[in-house]
Structure formats: structure tokens, C-alpha cells
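Undergrad: Read off the chains here:
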Amino acid sequence: MPEEQQSASREVAGSAWPRYSAATTGFRNYWYPVMFSRRLGRKPVAIKLCGEPIVLVRHAGRAYALHDRCPHRGVPLSQGEQAFPGFLTCAYHGWTYDLATGDLAAVLTDGPDSPICGKAAVRVGTYPVAERAGLVWVYVGDQPAPPVEADVPSELLQPGLVVEGVFQVRKGNWRYAAENGIDEGHAKYLHRNALWAFWRKQSALTLFHMAPSEDGEWLMRVRDDTIWDVTYPRLGRWPRRHPWQRRRSGTSGVGIRLPCTLLNRQKGWTGYELYVPWDEDHYLSGLLATKRASGLEALKFRLWYRLWVRWVFHGQQNGEDQWMIELMRIPPERLYRPDVSITAWRRLCEETARRTEAEAASGAHCAGAARLAAGQQAQ
Amino acid sequence: MPEEQQSASREVAGSAWPRYSAATTGFRNYWYPVMFSRRLGRKPVAIKLCGEPIVLVRHAGRAYALHDRCPHRGVPLSQGEQAFPGFLTCAYHGWTYDLATGDLAAVLTDGPDSPICGKAAVRVGTYPVAERAGLVWVYVGDQPAPPVEADVPSELLQPGLVVEGVFQVRKGNWRYAAENGIDEGHAKYLHRNALWAFWRKQSALTLFHMAPSEDGEWLMRVRDDTIWDVTYPRLGRWPRRHPWQRRRSGTSGVGIRLPCTLLNRQKGWTGYELYVPWDEDHYLSGLLATKRASGLEALKFRLWYRLWVRWVFHGQQNGEDQWMIELMRIPPERLYRPDVSITAWRRLCEETARRTEAEAASGAHCAGAARLAAGQQAQ
Amino acid sequence: MPEEQQSASREVAGSAWPRYSAATTGFRNYWYPVMFSRRLGRKPVAIKLCGEPIVLVRHAGRAYALHDRCPHRGVPLSQGEQAFPGFLTCAYHGWTYDLATGDLAAVLTDGPDSPICGKAAVRVGTYPVAERAGLVWVYVGDQPAPPVEADVPSELLQPGLVVEGVFQVRKGNWRYAAENGIDEGHAKYLHRNALWAFWRKQSALTLFHMAPSEDGEWLMRVRDDTIWDVTYPRLGRWPRRHPWQRRRSGTSGVGIRLPCTLLNRQKGWTGYELYVPWDEDHYLSGLLATKRASGLEALKFRLWYRLWVRWVFHGQQNGEDQWMIELMRIPPERLYRPDVSITAWRRLCEETARRTEAEAASGAHCAGAARLAAGQQAQ
Numbered sequence: 023m024p025e026e027q028q029s030a031s032r033e034v035a036g037s038a039w040p041r042y043s044a045a046t047t048g049f050r051n052y053w054y055p056v057m058f059s060r061r062l063g064r065k066p067v068a069i070k071l072c073g074e075p076i077v078l079v080r081h082a083g084r085a086y087a088l089h090d091r092c093p094h095r096g097v098p099l100s101q102g103e104q105a106f107p108g109f110l111t112c113a114y115h116g117w118t119y120d121l122a123t124g125d126l127a128a129v130l131t132d133g134p135d136s137p138i139c140g141k142a143a144v145r146v147g148t149y150p151v152a153e154r155a156g157l158v159w160v161y162v163g164d165q166p167a168p169p170v171e172a173d174v175p176s177e178l179l180q181p182g183l184v185v186e187g188v189f190q191v192r193k194g195n196w197r198y199a200a201e202n203g204i205d206e207g208h209a210k211y212l213h214r215n216a217l218w219a220f221w222r223k224q225s226a227l228t229l230f231h232m233a234p235s236e237d238g239e240w241l242m243r244v245r246d247d248t249i250w251d252v253t254y255p256r257l258g259r260w261p262r263r264h265p266w267q268r269r270r271s272g273t274s275g276v277g278i279r280l281p282c283t284l285l286n287r288q289k290g291w292t293g294y295e296l297y298v299p300w301d302e303d304h305y306l307s308g309l310l311a312t313k314r315a316s317g318l319e320a321l322k323f324r325l326w327y328r329l330w331v332r333w334v335f336h337g338q339q340n341g342e343d344q345w346m347i348e349l350m351r352i353p354p355e356r357l358y359r360p361d362v363s364i365t366a367w368r369r370l371c372e373e374t375a376r377r378t379e380a381e382a383a384s385g386a387h388c389a390g391a392a393r394l395a396a397g398q399q400a401q
Numbered sequence: 023m024p025e026e027q028q029s030a031s032r033e034v035a036g037s038a039w040p041r042y043s044a045a046t047t048g049f050r051n052y053w054y055p056v057m058f059s060r061r062l063g064r065k066p067v068a069i070k071l072c073g074e075p076i077v078l079v080r081h082a083g084r085a086y087a088l089h090d091r092c093p094h095r096g097v098p099l100s101q102g103e104q105a106f107p108g109f110l111t112c113a114y115h116g117w118t119y120d121l122a123t124g125d126l127a128a129v130l131t132d133g134p135d136s137p138i139c140g141k142a143a144v145r146v147g148t149y150p151v152a153e154r155a156g157l158v159w160v161y162v163g164d165q166p167a168p169p170v171e172a173d174v175p176s177e178l179l180q181p182g183l184v185v186e187g188v189f190q191v192r193k194g195n196w197r198y199a200a201e202n203g204i205d206e207g208h209a210k211y212l213h214r215n216a217l218w219a220f221w222r223k224q225s226a227l228t229l230f231h232m233a234p235s236e237d238g239e240w241l242m243r244v245r246d247d248t249i250w251d252v253t254y255p256r257l258g259r260w261p262r263r264h265p266w267q268r269r270r271s272g273t274s275g276v277g278i279r280l281p282c283t284l285l286n287r288q289k290g291w292t293g294y295e296l297y298v299p300w301d302e303d304h305y306l307s308g309l310l311a312t313k314r315a316s317g318l319e320a321l322k323f324r325l326w327y328r329l330w331v332r333w334v335f336h337g338q339q340n341g342e343d344q345w346m347i348e349l350m351r352i353p354p355e356r357l358y359r360p361d362v363s364i365t366a367w368r369r370l371c372e373e374t375a376r377r378t379e380a381e382a383a384s385g386a387h388c389a390g391a392a393r394l395a396a397g398q399q400a401q
Numbered sequence: 023m024p025e026e027q028q029s030a031s032r033e034v035a036g037s038a039w040p041r042y043s044a045a046t047t048g049f050r051n052y053w054y055p056v057m058f059s060r061r062l063g064r065k066p067v068a069i070k071l072c073g074e075p076i077v078l079v080r081h082a083g084r085a086y087a088l089h090d091r092c093p094h095r096g097v098p099l100s101q102g103e104q105a106f107p108g109f110l111t112c113a114y115h116g117w118t119y120d121l122a123t124g125d126l127a128a129v130l131t132d133g134p135d136s137p138i139c140g141k142a143a144v145r146v147g148t149y150p151v152a153e154r155a156g157l158v159w160v161y162v163g164d165q166p167a168p169p170v171e172a173d174v175p176s177e178l179l180q181p182g183l184v185v186e187g188v189f190q191v192r193k194g195n196w197r198y199a200a201e202n203g204i205d206e207g208h209a210k211y212l213h214r215n216a217l218w219a220f221w222r223k224q225s226a227l228t229l230f231h232m233a234p235s236e237d238g239e240w241l242m243r244v245r246d247d248t249i250w251d252v253t254y255p256r257l258g259r260w261p262r263r264h265p266w267q268r269r270r271s272g273t274s275g276v277g278i279r280l281p282c283t284l285l286n287r288q289k290g291w292t293g294y295e296l297y298v299p300w301d302e303d304h305y306l307s308g309l310l311a312t313k314r315a316s317g318l319e320a321l322k323f324r325l326w327y328r329l330w331v332r333w334v335f336h337g338q339q340n341g342e343d344q345w346m347i348e349l350m351r352i353p354p355e356r357l358y359r360p361d362v363s364i365t366a367w368r369r370l371c372e373e374t375a376r377r378t379e380a381e382a383a384s385g386a387h388c389a390g391a392a393r394l395a396a397g398q399q400a401q
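Residue numbers (the numbering used here), protein chains in the order written: chain A, 23 to 401; chain B, 23 to 401; chain C, 23 to 401.
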């Protein structure tokens, strides 16, 4: 996409991407992964997703998600407990909700004849929940939920997949994190001194373009060429090298897809980075390492993850990324050629993200018209 | 009040109680208890009351209260000291105020001929102060202060009363604390595992109504019946019991009165809870335990308070209440039958709280008209 | 200025000094001292000046100042490093700026043919920098910078001057700090118990007026008379004394000048206090002790500073000042006779501070008219 590359530096974020700019708390009508299944038990867990407070809880092997606010006096239901299995009871006055429906099934301080039970005004909202690949997925939106498989990367649905990883709530908007993830340019500079780069002879530049994967599932960074050494006028050669560093084949494939998922294919295993919208100022970072393996090979992979990947890739490198995510202040911004990865991702969101009822009603279904209008407002 | 009980769940806070909703920093024109007398000495003490910064200080056995701001450069007078007994001197430039009148009596850095002394523009506001029941009471308002006895519970004025307790500034609006105090419903659920409940067989429900005490001083919760066990459909029996728990006669009387005082009559002693408005987001919690006693009996009561009540009732149980007060997010709210205690308290405030000059002037003296208007605005 | 003294108490801050009131982040078009030269090396240093983020860095013996924001994605350049001497490289994507011009000289992740290099839209703003008296001075403004000597006190330009001191970012607006510095009144009360006052018999009052120094460089407090003891009606004698305290000749001269510099001439050495505007809520406090000396005498002065002045004058006394600066809440204010020092300083700023382009364009060059208009708006 040479045309794309030329135009990237002229893009102005925000005005050119009205839907993306508006998605401060993420795109709705998607399934989002929020935690490891093995971490969810009888005890309620409070999360935020797309800005909404949600309580997760497990009963009889199944995960449930409710809006995390008791309609009585506004206390979070996540402060309560399953006083009766299958029901969540508010800690304050014992209002007791059916996990499956959100109905007020009983009020433990008002007797069995309580006239308020079952009324629609005191029903608590529920969210569709599914479990795939060892993760809990929650659907937020105003449209009927599609099958969860629509939003889970297909490789995560393979049988026999070992999934390791870590979830953490972090400062910063989810889009900064996602753009940092798909961004090709920063890796060679920001991470030049990372531990994993110590033995590796790094290239000076990677020429690439963005293109859909064959199955259409991912927007991929496709490498066109690698340049090993360059000399900058007035400055000199770059990058600097140590004599012990050797060329190694690096990442074999990086891609991104909606709603917030990065693919990072490595030799022998596959990484995923999840930038789940929490609220405007925080995202839930999920870092996964996966491999099809069983028996001793699976155990080896788990050990290797917990002793190496967890600290070096999901620790130090990610710390450098987080440092930048918290420091970024955009707009305004001035993009350059490698930012085609970012603009292609923004365009993907702009044109293909599922629409809310309000968007659908206002006729904002014609992406072309929207972009045209936005372009006219751009400075 | 069966009619009351039915309508409670339909009440919408805020619109139905305009004066109460507006009283974010409390009702003015009342005497408020703010600290134990024995804690106030020569050293100035800074408090807030109804949002106003106030400095308290004692001289020659008498307590004084001044507005806690030097008119010169806005430094709190509570940072200063009694450089001359009976006068409070600002720490910055030595502006020296007469405790009794608030007049600027001298400026220690401008000489005896300072022309600014005694001028009305530099007088500091004073507040009526009284001491009763071992507590310091301060009057805030724009109307002439009534005798302090109008706002001190009459039982606190008895001679020979032993008063123990504790004051703490806490997060949360005073009304949340007051509503939690008079609220009957939460005690049986929120406090079900409190230490004092360990030996006590608790009832499932208390049927009650709200009514004035015989002397008209308190709005009381009057018990109509006690139900010991109930079975909820789909859930089962409640509450759960331990075999060692025995029925005990519980609280013999709970009432509330303006401006912010809860009465809690126990067997052999009387408790009070004070929810003094500090600012919009904080209240001063006062927890008192009182008993008419002298000599050895008084000493026994003091010991029993400090070794038991202080930790179990004024500690753990109150910690559970505070947990809820900080978590509550209303409006909106959905009330149920036991919330008649809350709505009766709101109505009491709405109809009987003393009026400010502004309210009196605007003719908002007809509570009926105000409620009617408010009802029309309700959603 | 007896007329001045009478009117001081009638002044209302704010309305009477429109330019001064507007200068929340300082007066622009001045050179400001921001750190000791010896502290600035290859490593970038982040500061704020008049609310602007600025990065300082040294190369080949010369100090440079750039706007502290990479135009690409808004990351502070101070997080980067001189990957090539004479250039500052952003930590994120290796955008590399020429320290002398702010031009984007190279992008280490986009190759030597990067079309974005050298474009005006990605140039980073630079600030004039000079070094005098062992300090780094930075010019902020929209008018051409005058020679730095215009804003450096002339005594600081003497050859052979030893300069000791300390810089600290502190809470509070720079004007509160400057007014506290020139304020005569508070020293005798606020600092009455300071360590340096232990042996010194303090006077009760100092009569003074404000007048320009002979060379016109400073607005000086000129002592007219000293009164050792006074008796206040109803209070008594003041100040209190200890028998071991002796009269000593005190400060021989205190003056102030724009943009934010206090002169404090002592016996044998000269102090300066700098109240450099950082942002609206913080100032950079610079405390200097200077003396013309060489050889052993210079060494003695440095030792004496580091063992005595640093702790007693730049430590404890300054801590008392900072206590007040953080507590002050003005307007409103009520001024008294000694505040002529403050009002004279405000008038100096109002009438002589350099004007921004916007002020010059709007014709606000007639101080008289501005004050008249302001007076009509005053309450």
C-alpha cells in the first residue's frame, strides 16, 4: 500500500475516525474476555466492561454476570454473597437475585410475602456469559448476542490448547494500548534494550504493509523487506550492535481484530494481547501464551511460560509499553510511514465495528458518508 | 401505618423531599454536638460544621467558637494560639481576635495605634457555644439561637449521667448515615455475623411502624410483632442459627430527632448516634453510651464501655455500617416496606426542620404546597 | 509614602490589579533561572516554566531547552536521551531532534529517506537559554528575547561571585510566595521562634516605606524607624524576650524586582529568593546565598552555607513561610499598613511588566485606563 504509506503522515486522528474517536469505552455488541475461568468461583468478582460495573460469579459450574448495583440503595452486589446457591444476596438488606434472570427472588428482611419481589423495576440486568479457551467471555451491547465463537479467535477454539497468561487492570485508554500493540515502529527503538533483545541482532527497518489474513480473521502486518543497517546523515549508523548478537528469525506474524485482540505468532507458540475496555481511563490488559500440546510437552510449555515468558515478554517489554501508554497525550498527533499499521486498524474499526441501536437508527450505516462528513470537519 | 408501608416502594428520593434533598450540608439553625468537653483546652481545635470552618478554643473554663479564617490573608485561625489568654492570634501576622466578640483587638505587627483594629470589616464571626452532658454544642444559623436545651435530648440533661463515647470524622453525607441509623431492615442482614450476635438467636423479621414518642421528642420505631422463622420459596429457611444461640430481649427502643440524633435504648443503658454534618462528603460520627450512675456503678459502666461496647458496638458493627455508607449510590433508589423508617424520617425533616431566613422570605412555609409541587416534578 | 500606608487597608486584590491577577502562571517575556548549571548534563531534565513543559539538556558545554512534547504521539522528550550527541531522541519511536533548532533530523525507525524529516509541522519549539552566576536561565515569551543581563540582578553578574543555594518545586502560586517574601509584617510574628531568632532581641515594629533603589533595579523596603517595645491595650507588652537576647543589627536591605526575584542583603553576604512560576498551583523556589570571595574565604563561605544557612534560613524559616503559602486563601483579603510592601510590588508588576503580543495588540498599554476600568468593576 504505497499510497497508504504516503498519506499516513497527513492523517489527523479524531476528525477522520468519528466512530473510533467516540469509542472511548470500547465498541459495544461484542464478547470480551475478562478473566481466567479457573479464577472464578462462588465468591463474586467485580469488574468493569465498557464502563459498566459487572459482577461475575459461578454456580454449579456455570458463570453468571449481573449489573453490579442493587436497585434498592445502590450498593454493589459484588459486596454480597451466594447466601443461597444460585442466588446473589446484597450485603446491605439481603435483597436476593436469581443469577440466571436477575429477578428479585426474595428479600431476606421483608418476609416471603414481600410485595416488591419479582417486580420489573427491581430486576437487575444480566449479561450473556460464555467460557472458551479457559477464559470467561462477557457480552455487552444492545443487540442480540451472536454466538461467542464470532468473537473468539478461531485458533483459541482448538481442542488441546494450553493457555497461560495474566490479566491486569492498567491506566490508559484501551485504544492507546491497542495502537501500541499493532504499531510496528516502536519495537525497534523502545524495546532495543529489552532482555530478550540481548542476544538478538536487530534489523534497522522492516518494510511492511497491512493486509487481511487469508481467512479474513485478522488484519496482518505483512513484511515486505528487512534492512539490517542504515546510515543517517549527520548522525551515523544505526542500530548499534554487540559482537555476540546474531540474526534470528523473529516474529512470524502480527495481526489485530475487533473488538480488541492482538495476535503475535511466535516460533512454536502463539501470543495474544487483549486490550479490554474497562472505563475511559483504564483497560484490562490480558496477555496470553498458547500452544497445542499435551502431557509432558504441555507441562514443559507451562513451565517455560511461568519461568521465562511471564517475566521477559509479559513483564519487562510490557512495562516499557505501559510507560508509553501512560505518557501519550493525543490528539494532536503527527503520523509517519510506519503508522499505516495504526491507520489501517482505525479504518477497520471505523468501517466494520458492530453498530449500536442508536447508530443504526440514526442511519449512520454508510461508512463512506460518515468519513466524507468527518473529512469536511477536519482541520 | 399500612398505607405508608404500601407506598414506600413507590417513593422517589429527591423530588418528593425538596428541603431534605437540598440539605447537603445539614439543616441550619440548630445546635450540634461536636466534641467532648474534656478534649477542649487552650489549644485551638479546627472543625467543620454544616460546611463552615470553625475554630474552637477554651479560655477560663469557657468554650468559644470563631469562624476559622483570618480576614487578612485567609489563613485558618486554628493554626494560631492564645498568645494572650482570651484572645486568638493568627499565626501569620499576629492579628489578634477577642474570643468573646470576634473583634480585632490588636495587630502585634502594627502597633497599638493600628487603625484597622476594631473595624467591622475585619471582625471574625462567632458562634454560640454551650456545654451540656460533657459535650460541646455549637449553633450554626441565621436565626437567633434558641436555648441549647431545645436541641439536646432531654435525657442527656439529667444530673448524674455518665457519658462515654467517641467522635470521628468519616466519609459520606450525613443523611446516608442518618438513614442507615434509623433503617430497621439492614440490621438483621448486614450485622448477622457481628460479634454481639454470636450468642443471640436472631428473629427473621420485625414488624413495626413509626410513631412519635409520648413526649413528642422522638420519632420512634414501634415494634408490632416479631417473627422468628420464615421459609422463602425456592430458597429455604432463614435466618440460619447455631445451636448455642438463645432468644434475648433486644433493643427496647430506637428513635430519631432533628437535627441528626439517633436514640438507641438498651437494657440498663442508653446509646446515641450523632450524624453531624461536616461538609457535603463527610460527617462527624458521634457514638455515645450513657447511664445514670455514680460511684462504683459509674466506674463499672465506664470500664464496661471501654472494654466491650467501644469495640463491639462502636467498632465492628459500626464498621459494617460505614462500609455501606461509603458504597451507597443514590438516587436512584427503590424502597421497600421496612423503608418506612426512612421515609418517615425524611417527612419529619421536610415538615419540621427550622427554616433559614431565605426559606422564610421565599414563602416556602407551606410544606403541603412544596410537596405537591415536588410531586408534579417527580418522574 | 504615608498616603500609600493609609490606603493599603482599603485595597481589594484582584480587581485593582488586572494584569497581576491574570498572571497566574507568571509574566511572560522574561528570563527565568531554573536550576544550577552544575546539575545539568547529558541526561534530559524536565521542568515547567510559566505552565509550559520544557526539557533541558547539555551538549558540548552548552545548555539547550526544547518544548517537552514529541509531536508524533505526545510523549515527553525528557523521557528520551541523546542517542547521538547534539540530538534528542524520543524514547518511543526514535524521532530525533536537533537540539539547536528543534528540527526533526532523523527518525530511527523510518530510515534515512523518511519524508517527514525537516518538515515544519514536526519541528519542536526551542527556548533561548543562557548561563550566568552558575545558573541556567530560560526565556519564555512571544517577543524577541532581550539580553539575559536585562533580567539577571546586576550583582549576580560580578566576577568572582560564590553562589550557593537550593531549588525545590513547591505547592502554591508564585505570587503568594513573592508576596510573602516582600511582606515585612509576618517576619516578627511568624518567625518569632525561629532558630536564628534565639539569641537575637527582636524589635516590636519596623516603620518603613517602599522606594526604588538608587540604580532603579529594585523596589526596596526602606526602614524609617525601629520601635523596640510596645504595650497593647488589654493585652500587655510585646514582644516577649529572653534575658540572653541582645540587639543586633538585622537585615540591611530587602528588595524585589521582576520577574520574581527577592534581594535580601545581609551583613557580609547577599541572599536571593526566586519564586519561579511552574504552573498555576506550584512554584519553583530558588534560595541563593552569594558572596564575592576567592580561595580560602570562598571555601569558608561555602562551608558556612552548607552547615548553617542551608538548614536555619533556607530550612526552618522557609518551612514556616511555606506553611502559610499553602494555607492562604485569597481573595478576599483585608490589607493593613505593613502591606504597602505588597501593594507596591503589585503596582510595580501592573505598570512595568513586559507585555505579551496579545496585550500589546489589544491596546492595553495604558495602565491608567486599565486601573480605572478595573476600579469600576471592583465591589
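Don't take each hint at face value.
Copies of the same chain look alike in the list, so a pair counts if it fits in one copy or across any two.
Unchecked claim - Below, computed lysine-lysine pairings styled on DSS-like, alpha-carbon distance capped at 30 Å: (1) 141 - 193; (2) 223 - 65; (3) 141 - 65; (4) 70 - 193; (5) 193 - 65; (6) 223 - 289.
Calculated directly from the structure, the hints in this document are not laboratory data.
Undergrad: Output the numbers, in ascending order, of every earlier hint that fails for this structure.
TA: 1
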